[in-house]
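Spelled out from the first residue to the last, the chains are:
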Amino acid sequence: MFEYFSKHFDMLMEAFLEHLGIVFSTLLISITLAAIICWFLLKSERATNIVVNVFSEVYSIPSLALFALLIPLLGLGNKTAIPVLVLYNQYLLIRNFMTGMQNVDKSILEAGTGMGMSKWQLVTRVQLPLAMPSIIAGIRLAIISTTGIATIAATINAGGLGKILLSGLRTMNTYKIIWGTILCVIIALVADTILRLLEKKTKAYNTHLQTSWLLNKRCSFE
Amino acid sequence: MTAVEFKHISKQFKNSAYPALNDVSVSIEEGEFVTILGSSGCGKTTMIKMINRLYESDSGDIFLFGRNIRDEDPVQLRRRIGYVIQQVGLFPHMTVAANIAIIPKILKWDKARIKDETDRMLRLVQLDPDEFRDRYPAQLSGGQQQRIGLARALISSPRIMLLDEPFGAIDAINREMLQNELKAIHESSKRTYLFVTHDIREALKLGTKVIIMNEGRILQYATPNEIVENPADDFVRNLLSTAELKGGA
Chain W
-8 MFEYFSKHFD MLMEAFLEHL GIVFSTLLIS ITLAAIICWF LLKSERATNI VVNVFSEVYS
52 IPSLALFALL IPLLGLGNKT AIPVLVLYNQ YLLIRNFMTG MQNVDKSILE AGTGMGMSKW
112 QLVTRVQLPL AMPSIIAGIR LAIISTTGIA TIAATINAGG LGKILLSGLR TMNTYKIIWG
172 TILCVIIALV ADTILRLLEK KTKAYNTHLQ TSWLLNKRCS FE
Chain H
64 MTAVEFKHIS KQFKNSAYPA LNDVSVSIEE GEFVTILGSS GCGKTTMIKM INRLYESDSG
124 DIFLFGRNIR DEDPVQLRRR IGYVIQQVGL FPHMTVAANI AIIPKILKWD KARIKDETDR
184 MLRLVQLDPD EFRDRYPAQL SGGQQQRIGL ARALISSPRI MLLDEPFGAI DAINREMLQN
244 ELKAIHESSK RTYLFVTHDI REALKLGTKV IIMNEGRILQ YATPNEIVEN PADDFVRNLL
304 STAELKGGA
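Keeping their order, the protein sequence lines are chains W and H.
Be aware that the first sequence starts at -8, since it is given in our numbering, and climbs by one per residue.
Be aware that the second sequence starts at 64, since it is given in our numbering, and climbs by one per residue.
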């Protein structure tokens, strides 16, 4: 098995990097798009619910079907693969971004507005930092989901690790399937671990505070 | 000089059968500590939230130091008004110092001035700057949090302060202390304070004048003594009797 890896290192690496490229560019576009949509959704909770519902319906369409549907419009390869992946991500990202933003205590926002913070200042200095754990959780889910769905994009010639998996299936080459899977899992796991750490860090002021507050309390009793 | 003038202000919220404010006109002189007293739903909070334009009136005009607030940018208007609410609304991800200095930072005061003023504010609300400057809100008691809320509102030395039941969620002992401190701060500054409360003792104790409201109207606007001695109507008389203040205080 390792022999297979070293023998076909170039091919596997090429697919791995291609896959990373798809995931990365998808993520970049999805986050930008989701951020813009969320900015407009901040005004209305009702609109948010509608948009999140629509994207959750889209999310439930099987990816193979969505790829097939869009080929006549956008053609083969990345031109179709990336828009579809971006579309899927919108559900995960918008839902998490908005949950984070809406969960910020209303009295904090009222105090900020009442003091004379502009909408922009309130969003960037208060809402975003407080929503950060939820935002990062959304990005984490999006990376995992994109890494998986992107393999299916190989069926429409988008390349990446899906290419290895598909040809492994066609030729009944177990090594190919195993290495394709392992490399996919590596992308997902590494991204997951890094973002989990980040998520924890953005929440740090919370937990650390509660403990130190409890310590203070204890000291004052003693 | 007149600090705040309401001219025929009416406001009705959607989903509400009767108006929150019904043709309210009142004129408040600069330097007064006006407490606004009434039961919940009487329009007292609506009244002060209109001054900093968190709510807009349906009809009528409000003048703040002679200027119609409609002609001003709401954000600029609010920066000249101190605002304190019952839930405090401190920013949990910022230290005490950063909370107090948020507007000065936005206004780009220089660092030394921000530091000096922040410390001065902490001392003003009876908190030791060295001990509290770098704490986070979650590390403070309710009373301490509201002290920071006050410091945050006072730092830009606004000519008018709006306080919406600021001590409503604080225990009796701390409330008493905070009331005394607030009264002292007001007396040393001679700014205009509007203080909403449903606690009649608090209203009579703190106010140089008291507004008594019911169902969106002002029933009486007078000094605490006048109110106790000459209640305007049965509602006010009843209110006083609930606090057993009838016949002098």
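Some clues are possibly wrong.
Below 20 Å or equal to it, Euclidean Cα-Cα: the simulated SDA-like pairs (lysine to any residue) are [to be verified]:
#, chain 1, residue 1, chain 2, residue 2
1, W, 194, H, 161
2, H, 168, H, 149
3, W, 97, H, 171
4, H, 171, W, 35
5, W, 34, H, 77
6, W, 110, H, 119
7, H, 77, W, 109
8, W, 97, H, 76
The set of hints was computed from the structure by calculation and includes no laboratory data.
Of all the hints given earlier, name the ones this structure violates by number, lowest first.
2, 3, 4 and 7
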